[in-house]
Amino acid sequence: MALLRPSSRTRRRGADGDRIWTWLMLPGTLWMTGFLIASLALVAVLAVGTTDDLGNPRFGFDLSGVRALADPAYTEVLARSLGYAVLTCAICLLIAYPVAYTIALHGGRYKHALIAAIVVPFFANYLVRMYGWSVVLSDDGPVLRALRAVGLADGNTKILNTGVGVVAGLVYGFVVFMIIPLYAALERLDVSLIEAGRDLYGGPVRTFFFVTLPATRQGAAAGLVLVFLPAMGDFVSAQLMGGPDQIMIGNLIQDKFFQGQNWPLGSALTMLLMLVLLIGMFGYLRRTRKDEAEARR
Amino acid sequence: MTLLEPPSTTAPSRPAVRARNRRGRGRADRKPRVLIAVTALFFALLYLPIAVVALFSFNSKKSLTVFGGFSLRWYRAFVHDDVLLSSLGTSLRISLVAMAGSVVLGVALALGLVRCRTRLGSLAGLVMLVPLITPEIVTGVASMLLFKGLGVDLSTGTVMLAEITFSISYVTVILRSRVAALNPEVEEAALDLGATRWQAVRLVTLPALLPAVLASAVLIFALVFDDFVLAYFTTGVDPQPLSVRIYSAIRFGVQPTINAVGTLMLAGSVCLIALALFIPRLFGRRGGLDILSGE
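Top line first, the protein sequences correspond to chains E and P. For the first sequence, this note's numbering gives the first residue as 87, with consecutive numbering after it. For the second sequence, this note's numbering gives the first residue as 3, with consecutive numbering after it.
Since the hints were made in silico from the structure, they are not lab data. Computed from a predicted model, the values in this text were never measured in an experiment. Keep in mind that a hint or two might mislead.
Stated by the list, open to error - Counterexamples of contact, computed for chain P against chain E with all Cβ distances above 12 Å:
#, residue
1, K63
2, R78
3, V81
4, P209
5, D240
6, P241
Claimed, not checked - Distance windows between CB atoms, simulated:
#, chain 1, residue 1, chain 2, residue 2, range
7, P, L184, E, A199, 27 to 37 Å
8, P, A102, E, V229, 36 to 46 Å
9, P, L134, E, E273, 52 to 62 Å
Said to hold, decoys possible - Listed next, the stretches of chain P that the computed footprint assigns to chain E, with coverage defined by at least 3 CB atoms under 8 Å from CB atoms of chain E:
#, region
10, 42–49
11, 110–122
12, 126–132
13, 192–205
14, 222–229
The beta carbon of each residue, even a glycine, is placed where N, CA and C say it ideally should be.
Isolated chain P, as found in the complex (with noise of 0.2 Å):
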């Protein structure tokens, strides 16, 4: 008998197993439903907001509450309303000179950053921190006031001049981490077999910071274009960028058609900010959210 036995006396059955499991984990790792319901409930409540923007762009009646049935009247609508087109050019002209400006600034200060061990690094490090420190209205009112102090007519120009300096920040803030990370050593190897400083850093340095240029290049367009506060308070009256036409739309009762413009706008920036985040995965390195919080 003794010998048919050993299986049940040393190791116990998988039932015993599993509940042993089950206690010894303890509270740990039960699933805690309340935290789970309070989440889903979460995403459910973030969700519901655009899903709702999203469905009545496809509603065939003007209503807001009520749906009649699938239609594409609004984004009909859309195709044909020239004001709005012309607006959604004025928008991607600003984010593309935006991106450029941007970046080639806020690149190059990153690398100086890191690098730059002056004291004269250290006052750049803090003018740098300002935008993120400064609320967007502060911006948009000093950006506006400085135009017109200057006796510039606001137009799309000081949009684009405006949306580069908030944007500096938020490249080099994205960037200096990745700088940071660097082995200085790579540098001084190509410094060694005899490049020059600049040499070193257009030839090893910027090569090796592609992904994460490429990325934030992406979201500063997104952020750009998707801006309405700074853009509100330095664009000139015609034309106007597409989300300062939103919130004149929005404010004086609701038009469907912003509905369709909006969704398109949504459907374009998760685009562009995934698109941010799979970058890096693209050059076979670890991406995602740290691009978000420049970890």
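Bound conformation, chain E alone (with noise of 0.2 Å):
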């Protein structure tokens, strides 16, 4: 007897503290079911309504607005939309790869304060950033000052209205998202391993490819989810940075909601953006998914 009561007691417990989790847990699910869930299911509701005169959403079944989106006009958009954001992350991963590394293996007892020295300005204003790299950009910036002052720009060379600085702007936005996940990596990274791999292949370039690599290739990976996401999503640097040929999907749907007053449209858009990204996702579950089936292997 004397043994059972301890299990029994905690059996009662346990059922008394599942109660009180549930409840701790319930305001805040609820909270984000019936704000958020709810209202991502009124934008899979309206892509198929319409709206009244006055621009207010009207709920039927009309598939004017998910037909729309086969126009050229925004599959074209959707095109560039990818293009850029794909380019964006495969950037971000050639410039926040070589700095996470050498902030990691070679920072020393300064890598904490730089990391931050990163991080900090990144969770500051995106707006005001945003706006100053246009500052920077711009045709008498110091960027493009630079650049003729050793040759490689001519008077007539812009940054502004193309599409090199729409991808600029989504690089300087977002490339932060890149350095975290790859300097976690890279700083659990066992450097014997590198050793090693020097002292069986020899070359830096080898050990690179065969070990450093492979082993943050996850890192690597969230990198470029936590990347394609807000850059496929961004108005704001086709904006600032682009010209009308640069307009991105983000640019449609907000037209749609503010100028265009076209909801079920916008809706349709917004729909096609989550699809696009969930696709991103899910192959990226697919892939971790995969590596972690071979790990354990």
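These two chains come separately, so use the hints to put the complex back together.
Right, here's the structure in full:
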């Protein structure tokens, strides 16, 4: 009996506990379900709805919004957004890897300070940063002046109002989301692995590609998703750095809800954006599952 | 002679040791000049835009490319601009309310998620992830449609509701790992000493979480204050949050006042983020970036 008592008490306590944890969990979950899940469902419903003359949403079943997505004008914007977002991911990886590598492996006792020096400004106001970046990239800004001085640009070279400008904006906006997971992966990396690789292969290049890179692949994959998500939905960069020929899907959505007042079409575009992102997320999850399965084997 | 020689035969001279160490350590510890140069360039480009905004906020001229001399005229213009000042007040109110709401809901959610092993718990875990994988523009559109659909006029209140919804997940992500790291036996001990579950949570668990709760509160305040997309979709016409005002201003021609406002905002959020990173240290715990990554 004496032996049984503690366990029965624990069980009773467990049941009690579950109840209090459920009660604690409930308000937040209900709040998010009510505001977020319900509102996302509303977007899906309105994608096949209509609006009245005042622009208020009306429910119904009308596929004109969805059908309009096949319009070449929209498919072109979607393709461009995808291209910009993928390019942004690639450039972010190319920039973030050496930076994260340098700080993680050669930062010494300053590495926390250096990473903080990257992260802190990125959490500062996005608009102000983008606005400053657009000034820096402007026709007589410091970047073009420096490029002209070394002969890499002439008087006609422009960055603003081109695709280069938009991608530069997206990279500046979101590169930190690549640096954080890469830094975490590189910091966890066992340096003796690199040394072992060097003992076995010799060359730093081969060691990098056969040891360091595979060991940090998951960090890179997480970074790619974290950059792709906001880059695909951004509309500020295309507005500040691009011209009318560089608009992205985010600009279209914004336009349909604010200037165009075509909410069903805007909702359909939003759903399309979500679909693209879900496909990306799904690919990422499958990839990491496979990696984990391989790691376990 | 042999008595005088040993140092040179058994132990090599200092320069020789240094030379061998240098050779022995090999490429691994050689200063990677290219990598350091790339990193330095990255830091320069990272801070250049911020430096430009800050520098030209003190410009005596209206130009954004020519610096005419030091002046505080744009800061003076800001403190005399009633529209911007009322927007500042609106943003502060929104941030405070969103901070309070999301911290209360988020901390409770984190406690529940970690300890609750039921199916409802895993479902709640999924719901919690939705805001993190939804781009802000989608959240913005969805919130706006919900309010319009319910017949609610967009106002400061709707921004507050939307910001709370969006921020709960951040608080939960930050707090969840902290809750998981707590030793449940301490709570059990409180129960053995006669505390109720609720008392154990209130008197034992929450005080242990205090640093992380405060850090997440500061972080949410800064994030909400700086947030633009969600506010843009859910705000009414008047009063508008500061970031929405800045957006309209930089879209329709540059006004140097925005440099001054932007510099103040940058300084403010840098201070807040730094504070959030250091709060756990004030309590004698490991602080730093794990707050941001939720690790």
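Hint-by-hint comparison with the structure:
1. At roughly 14 Å from the closest C-beta of chain E, the C-beta of P/K63 stays outside 12 Å, upholding its exclusion from the interface.
2. Listed as a non-interface residue, P/R78 keeps its Cβ farther than 12 Å from every Cβ of chain E; the least gap is roughly 20 Å.
3. Every Cβ of chain E is farther than 12 Å from the Cβ of P/V81; the closest lies at roughly 18 Å, confirming the non-interface assignment.
4. The claim that P/P209 lies off the interface holds: its Cβ sits roughly 16 Å from the closest Cβ of chain E, which is beyond the 12 Å cut-off.
5. Interface exclusion of P/D240 from chain E stands, the closest Cβ pair being 16 Å apart, more than 12 Å.
6. A cut-off of 12 Å between C-beta atoms confirms that P/P241 is not in contact with chain E; the least separation is 18 Å.
7. Our hint of 27 to 37 Å for P/L184 and E/A199 holds, since their Cβ atoms are close to 29 Å apart.
8. Evaluation of the 36 to 46 Å hint for P/A102 and E/V229 yields a pass: the beta carbon distance comes to about 42 Å.
9. P/L134 and E/E273 have their C-beta atoms about 23 Å apart, which leaves the hinted 52 to 62 Å range violated.
10. Using a Cβ-Cβ cut-off of 8 Å, 5 residues of the region 42–49 of chain P lie near chain E, which meets the minimum of three, so the contact claim holds.
11. Proximity of the region 110–122 of chain P to chain E, defined as three or more residues with a beta carbon under 8 Å from a beta carbon of that chain, is established by the 10 residues found.
12. Residues of the region 126–132 of chain P lying with their CB closer than 8 Å to a CB of chain E number 4, which satisfies the three-residue condition for coverage.
13. Here the region 192–205 of chain P counts 4 residues with a CB under 8 Å from a CB of chain E, which clears the bar of 3, and the coverage holds.
14. Using a Cβ-Cβ cut-off of 8 Å, 3 residues of the region 222–229 of chain P lie near chain E, which meets the minimum of three, so the contact claim holds.
The structure fails hint 9 only (numbered hints given earlier).
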